[in-house]
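Could you slot chain B onto chain A? The hints should help.
Just so you know, the protein sequences line up as chains A and B, in that order. Sequential numbering of the first sequence, starting at 1, is according to this note's numbering. Sequential numbering of the second sequence, starting at 1, is according to this note's numbering.
The set of hints was computed from the structure by calculation and includes no laboratory data. Computed from a predicted model, the values in this text were never measured in an experiment. Honestly, I wouldn't trust all of these hints.
Identical chains share a label here; the pair holds if one copy fits it or two copies do between them.
[What the hints assert, rightly or not] Quick list of in silico lysine to aspartate or glutamate cross-link-like pairs, DMTMM-like style, CA-CA up to 25 Å: (1) K82 <-> E187; (2) K274 <-> E27; (3) K270 <-> E321; (4) K196 <-> E73.
Number of protein chains: 2
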Amino acid sequence: MAEMVNVAVDAMGGDNAPSEIVKGAVEAVNEDRRIRVFLVGREPAIKEELKKYTYDAAQLEIVHTEEVIETAEPPVMAIRKKKDSSIVKCMNLVKDKECDALVSAGSTGAILVGGQVIVGRIKGVERPPLAPIVPSVKGVSLLLDCGANVDARPSQLVQFAKMGSVYMESVIGIKNPRVGLVNIGAEEEKGNALTKETYPLLQNCPEINFIGNVEARDIPHGAADVLVCEAFVGNVVLKMLEGVSSALVGKIKEGMKSSLRSKIGGILVKPALKKTLKGFSTEEYGGAPLLGLNGLVVKTHGSSKAIEIKNSILQCIAFKEQNINEKIKEKIVLED
Amino acid sequence: MAEMVNVAVDAMGGDNAPSEIVKGAVEAVNEDRRIRVFLVGREPAIKEELKKYTYDAAQLEIVHTEEVIETAEPPVMAIRKKKDSSIVKCMNLVKDKECDALVSAGSTGAILVGGQVIVGRIKGVERPPLAPIVPSVKGVSLLLDCGANVDARPSQLVQFAKMGSVYMESVIGIKNPRVGLVNIGAEEEKGNALTKETYPLLQNCPEINFIGNVEARDIPHGAADVLVCEAFVGNVVLKMLEGVSSALVGKIKEGMKSSLRSKIGGILVKPALKKTLKGFSTEEYGGAPLLGLNGLVVKTHGSSKAIEIKNSILQCIAFKEQNINEKIKEKIVLED
Chain A
1 MAEMVNVAVD AMGGDNAPSE IVKGAVEAVN EDRRIRVFLV GREPAIKEEL KKYTYDAAQL
61 EIVHTEEVIE TAEPPVMAIR KKKDSSIVKC MNLVKDKECD ALVSAGSTGA ILVGGQVIVG
121 RIKGVERPPL APIVPSVKGV SLLLDCGANV DARPSQLVQF AKMGSVYMES VIGIKNPRVG
181 LVNIGAEEEK GNALTKETYP LLQNCPEINF IGNVEARDIP HGAADVLVCE AFVGNVVLKM
241 LEGVSSALVG KIKEGMKSSL RSKIGGILVK PALKKTLKGF STEEYGGAPL LGLNGLVVKT
301 HGSSKAIEIK NSILQCIAFK EQNINEKIKE KIVLED
Chain B
1 MAEMVNVAVD AMGGDNAPSE IVKGAVEAVN EDRRIRVFLV GREPAIKEEL KKYTYDAAQL
61 EIVHTEEVIE TAEPPVMAIR KKKDSSIVKC MNLVKDKECD ALVSAGSTGA ILVGGQVIVG
121 RIKGVERPPL APIVPSVKGV SLLLDCGANV DARPSQLVQF AKMGSVYMES VIGIKNPRVG
181 LVNIGAEEEK GNALTKETYP LLQNCPEINF IGNVEARDIP HGAADVLVCE AFVGNVVLKM
241 LEGVSSALVG KIKEGMKSSL RSKIGGILVK PALKKTLKGF STEEYGGAPL LGLNGLVVKT
301 HGSSKAIEIK NSILQCIAFK EQNINEKIKE KIVLED
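Chain A with its partners taken away, still in its complex shape (with noise of 0.2 Å):
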């Protein structure tokens, strides 16, 4: 039989908890029995809400905590300072191996800086990279760096590429994953002066399928499985993706109301428009792994759901499995 995967679940952070994460929890441990969660906060709040569920007890255990980090607290300080927070207890579960990995809805910036320096890099990766899966017509593609690392530089891109294609391949199962380098042009000479530097890199190295450069126009449309770029634009593809959907679906609805005949039109698609634009909704993939690290941190959106919470928490199954931190070592060593 396979060994349990444990999963440190923060169960303080985002604007639902602890309700929406401790649902989460119990979805995932009663869907999926390799899965032991440890819920950590605040035992009462905790308890109360656990009433309201039936799952099998050897699956799920409350970690107490007293503190909670805000999402406005600098992270650096917050890290620091509160030691027995639900984020920095949860991050040295996992440092300490008694869990696998981490799920927070919490402060971005605090489990960003947690990661770093509480469970810490992999030896030989230069930054660890925020990828979150992202929805295409297609399918889905992985975007990285997504709000870690400002102001990279091209030996940290071409590490993404190397740690995305190894989380596309053995979590999400696509083979040989092609690699995109997100840029303002198709041409090799195209984009500023890390484009132009990364490209030859990313040509040249041997570990990855480079498919060249690609326009933002083409991400929605799935034009590469790993979208690799510097943090500031993969946080502006990230939010571009959510603002344009979320404000053209308003749109639509806005539109099916103006007359009775697209009223009646309205309630007919319903159904239909629903269930295709759930697969085009950024919630739908779990959160976003934080990858190069000694161990597994997951950070999932701040308006998360338990069925965010859920598909985050089984997602570690995957990663445990395949051993892709493992994978990674031997990617990032080979280069070095």
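Relative to chain A, chain B alone:
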């Protein structure tokens, strides 16, 4: 009576040249008696197209040129060598003050280079930004820079903010336009080296209405009237807007075909939906001006149809009558 507005139109530029370009030019002169168009390109081809329409011959003139600059040509070389190309001729008409403005759907690179080298910058302007109007659910915003100058400096972004404010106020008619800095977080200290340095400069600029950082997610929701960013980021914002819209609309159409029920609903909502989505299309608002030049240079999409050419030509009226370049000179000189 107002003076005529003379516009040089590149009849050979873009995927649909010369037919859609000529059509758009005729529609513009027929819509507004203040417009005089100089159709620049191969005379026989232009004449052939013009046969299809009626118009006041006093408002439309052909300027014959033999050469055409292709999209794939290296721009600097093309501008230098092809003196008898439609783009270079348009540029010279503006430089020599025979025309107030030029409109082209041709090679972006050649237009950016020609604008700087032939038409020339207003004294004091460091770099002329490409400034498309982008749709939001609330109306429109001006996004600059959107492709002209990658790796820009903070002082250049401040100039973009000033020029963009003049344009939005005088051409689009938005009083005291809200200027936002495109960034990856709302707080002042967020971002990369460029945005961190630019923020206080914008804050201390009395001539603009700076409202702070704007996250990409809020751009489609109309968070600011003037969106200031470096060209790489601006290009990603623009292309994501186009890419997500087209991907999502494709998905929705697919979803509507998924069952008989949704098919019937789809037929009923179609007219309302079409109207709604039209307001969210980047093609409805004419081309993007290249601001800060001694004359107006307007770049339209390579895929421009007659409607976009017409709107781009008509936009030149407000630009001239509102003395945009005089106002830009005042704002830039005030500072220096």
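Right, here's what the structure says about each hint:
no.: 1; hint: K82 <-> E187; in the structure: between (49 Å within a copy, 22 Å between copies)
no.: 2; hint: K274 <-> E27; in the structure: within (23 Å within a copy, 41 Å between copies)
no.: 3; hint: K270 <-> E321; in the structure: neither (40 Å within a copy, 48 Å between copies)
no.: 4; hint: K196 <-> E73; in the structure: between (37 Å within a copy, 19 Å between copies)
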